[in-house]
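Trainee: Using the sequences provided together with the hints, build the complete structure.
Each chain, written out:
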Amino acid sequence: MALFEAKQLHKRFGDQVVLENISLTFEEGQLTGIMGPNGAGKSTCFNVLTGRFRPDRGNVSFAGEDITGLSPREIASKGISRSFQIMNLFNEETALDNVLLSSPTVRKQGFSMLHDLGRNTAARDSAFAVLSRVGLADKADISAGSLSYGERRALEIGVALAAEPRLLFLDEPTAGLGAEGTARLVELIAQLKRQLTIVIIEHDMRFLFNLADRISVIHWGQVIAEGTPNQLRENPWVQRSNLGALA
Amino acid sequence: MLGPSRYAPLVTAPMLITVAVLATTPLWLKQIGLYQYLALEIMIWMLFALGHNLLLGYGGLPSFGHGAYFGIGAYAFGLLQLKAGAGLIAGLLGAILVSALLGALVAAFISHRRGIYYALLTIAFGQVFWFVAMKWHSVTGGEDGLLNIKRPDLSLGFADVSLRSNEAFFYFALVVFAVALIALWRLVHSPFGRVLRAIKQNEMRASFVGHNVWLYKWLAFTLSASIAGLAGALFAMAQQSAYPNVMSLHNSGFVVMMVLIGGGLVSFWGPVIGALVFILSRDLLGAYTETWLLWFGLVFIGMVLYQPNGVAGVWQAWRAKRRTSLAAQNTLVSLPVAAAKEA
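Keeping their order, the protein sequence lines are chains C and W. Quick note: to get the numbering used here, add 5 to the position in the first sequence (first position is 1). Quick note: to get the numbering used here, add 59 to the position in the second sequence (first position is 1).
Because the hints were derived from the structure by calculation, they are not lab data. Remember, predicted model here, so these are calculated numbers, not experimental data. Glycine included, each C-beta is placed from N, C-alpha and C at the ideal position. A hint or two may mislead.
Beta-carbon label-pair distances, calculated as ranges [claimed, not checked]:
1) W/R381 <-> C/S153: 26 to 36 Å
2) W/W87 <-> C/E169: 56 to 66 Å
3) C/F18 <-> W/G361: 42 to 52 Å
4) W/L164 <-> C/A188: 47 to 57 Å
5) W/T71 <-> C/D218: 45 to 55 Å
6) W/L364 <-> C/L119: 34 to 44 Å
7) C/A188 <-> W/G312: 50 to 60 Å
8) C/E32 <-> W/L364: 50 to 60 Å
9) C/D218 <-> W/R381: 53 to 63 Å
10) C/S153 <-> W/A376: 18 to 28 Å
11) C/A68 <-> W/A167: 45 to 55 Å
12) C/E79 <-> W/T71: 34 to 44 Å
Mentor: This is the structure:
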């Protein structure tokens, strides 16, 4: 059974149908890419899958449990984490504290008014470990708002990882990164790939074809093609829509 | 402000200094031409403003109707004493409880909002309470309010201490203030306070990493309302009465001005500084001109335009500048030394 399954999702905003009968499955331990041109419905799809929007029809299940229509908080607490395309950090806090505030420790202890996180060295150490994983160990004490663009992108992923998810959604992680930044990101994601289930939205073809085990192509609010990168290169739909040529 | 991964001690030097300065006021306040009641009133406003800053500074939640809970505390204390014969401690705890309950009720209606909608709703609810205080004559005494509220004796078990004089009551209120100060300091540095500040910075992200944003906002409002209620109860004792003006929109506005002028957005101590500046200006400027609030308002406008982080912000900026210039001097001094060592 797949770790995550979305069946026949529909979503419309006003009279605009954004998702039409989308079904997706993500297998445990795999890295799935979702690609498609701008405005294809990729981001809306992500937002429906992670609880930001409720689907009009269809359902979503995670680890055999129906999670359709749950709030982002509930979905997060089940072990699904996400990063954002437009960065969403706690800008006044340091990089380390951004990760710490997103950790399961703080999620559990959040209503405690007596603890002091400053004394919780275990939580601090694991936050620091996450920060090292995304390559920001030497920036731990710098506030998120003062980090460079590339560092903020890395921290985006760090904050998502801090929650210790089973399933990680990454929304256009390469957006705005140069070649060097993208190369570093490929390295990071290749490391994470063995450790948890990952779903990435991208329109950087090369990036996805290099990393993904499976790819789903979304266009006009529908899944128009699915398969391994090699299968997709052969797919007439993909070739006709000029996506394959780039890969 | 200390970050979440930094340890905050239970008691700090500024805390000790604040309490020590307040504690010595009976010795020198009269000598400089002021009076003990002023220190009492300033301290009560400091407490009210500290509670308000839990919402505004730490939660980023603008409550512009917070005078209501200050007033509810005052009325609750008065009513418990006049109608139920409650003593000092029962009256104070009762006032905290009533303002917490009403705060919790209001918070349940507004905690899914933020920004301007949040602010407008707090004003609306604040006005509802004010209106009730004005019109429910049989209970609240209408426009006259509740008169002849006494300062009950403090029972220590072996002896009763009279709080009737301003000095005695001042010392009692100082103990309450000191305890509340430590509790609030602990609260804002607890995981609860940390997450609240994270929600202020990015509500959406906070919910996506799994925090129950609504509940945090609800609890912050409820706690803040109970602090306001405690301050209000002390105010009722100080004034020996409770009247609608206590919970008016004026008082709601004053406490916001105190928090902002003092620098509550960047410092725990902002509200304390702000309350001091505000009440002192009222008395000192007020001695010269009846239109003191006009001048104070102009200063406030200037402050918001040019120093939005208030007095505490100016202080922090000055310290940061001094630190960098000292660091620069040190490198200048150490460079020749390092060169000498290498040679």
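Trainee: Could you work out which earlier hints the structure fails to respect and list their numbers in ascending sequence?
Mentor: 11
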